[in-house]
Amino acid sequence: GESVGLHLPTLSVQEGDNSIINCAYSNSASDYFIWYKQESGKGPQFIIDIRSNMDKRQGQRVTVLLNKTVKHLSLQIAATQPGDSAVYFCAENGNRDDKIIFGKGTRLHILP
Amino acid sequence: DAGVIQSPRHEVTEMGQEVTLRCKPISGHDYLFWYRQTMMRGLELLIYFNNNVPIDDSGMPEDRFSAKMPNASFSTLKIQPSEPRDSAVYFCASSLGQGGETQYFGPGTRLLVL
Numbered sequence: 001g002e003s004v005g006l007h008l009p010t011l012s013v014q015e016g017d018n019s020i021i022n023c024a025y026s027n028s029a030s031d032y033f034i035w036y037k038q039e040s041g042k043g044p045q046f047i048i049d050i051r052s053n054m055d056k057r058q059g060q061r062v063t064v065l066l067n068k069t070v071k072h073l074s075l076q077i078a079a080t081q082p083g084d085s086a087v088y089f090c091a092e093n094g095n096r097d098d099k100i101i102f103g104k105g106t107r108l109h110i111l112p
Numbered sequence: 001d002a003g004v005i006q007s008p009r010h011e012v013t014e015m016g017q018e019v020t021l022r023c024k025p026i027s028g029h030d031y032l033f034w035y036r037q038t039m040m041r042g043l044e045l046l047i048y049f050n051n052n053v054p055i056d057d058s059g060m061p062e063d064r065f066s067a068k069m070p071n072a073s074f075s076t077l078k079i080q081p082s083e084p085r086d087s088a089v090y091f092c093a094s095s096l097g098q099g100g101e102t103q104y105f106g107p108g109t110r111l112l113v114l
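Just so you know, the protein sequences line up as chains A and B, in that order. In this text, residue positions in the first sequence follow the numbering used here: the first is 1, and each later residue adds one. In this text, residue positions in the second sequence follow the numbering used here: the first is 1, and each later residue adds one.
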């Protein structure tokens with residue numbers, strides 16, 4: 001999907017709980033997917049990526065799940081911390097050219 | 001590596017003035033991308049380069065915008081003349097290899113055109 005920032009969906013999570021951020025991607029030809037984190041006043045920062053030959057990949061406290069059947073991507077953050085507050089973007093390589101396509105973004109809000 | 005470097009970090013200018021944004025990509029990265037981010041439109045790709053050559057400028061809003069990459073370690077995005085609707089955060093990103101891969105973003109330039 002194209003990135004349109006008119007209204008960002010917001011996910012509010014209690015500190016210490018797990019967060020799950022979902023993304024529906026648009027192009028069935030995409031074979032590479034990336035999650036970015038953007039904190040206030042900063043540029044998007046790479047978190048984790050996954051290729052289409054995998055359905056799960058784990059990093060430090062983060063896990064990305066890929067369901068190609070329904071074109072769905074999710075980011076799971078374990079034991080959410082205040083520092084996880086940010087906008088999270090999924091991105092896909094769509095047409096397999098040099099560009100990546102960013103999703104709309106989801107704002108993660110951590111409750112004390 | 002210091003990551004992608006952008007300057008200035010903040011720019012306030014008056015309508016009609018020329019604005020030049022600068023970017024130094026990560027050393028060794030072959031691809032450089034310019035994005036614009038606004039609340040209304042989100043993150044938009046303006047133009048990207050491969051080995052200093054512009055590949056796709058279809059995202060450039062209009063002729064007032066131009067970008068150059070004279071060498072592998074430097075790129076500029078110029079707006080002339082600037083307009084209030086150009087107010088946004090402009091990001092530069094670079095990536096290694098064949099593109100469509102992980103892009104590393106700079107801190108952005110926050111532009112305000114009065």
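If you are wondering where the hints come from, they were derived from the structure by calculation, not from laboratory data. If you're wondering where the values come from, they're calculated on a predicted model, not measured in any experiment. Be a bit skeptical, because a hint or two may be false.
Claimed, not checked - Calculated lysine-lysine pairs in the DSS-like style (CA-CA distance at most 25 Å, straight line):
| no. | chain 1 | residue 1 | chain 2 | residue 2 |
| --- | --- | --- | --- | --- |
| 1 | B | Lys78 | B | Lys24 |
| 2 | A | Lys71 | A | Lys56 |
| 3 | B | Lys78 | A | Lys56 |
| 4 | B | Lys78 | A | Lys42 |
| 5 | B | Lys68 | A | Lys42 |
Please write out, lowest number first, the hints stated earlier that are contradicted by the structure. 3
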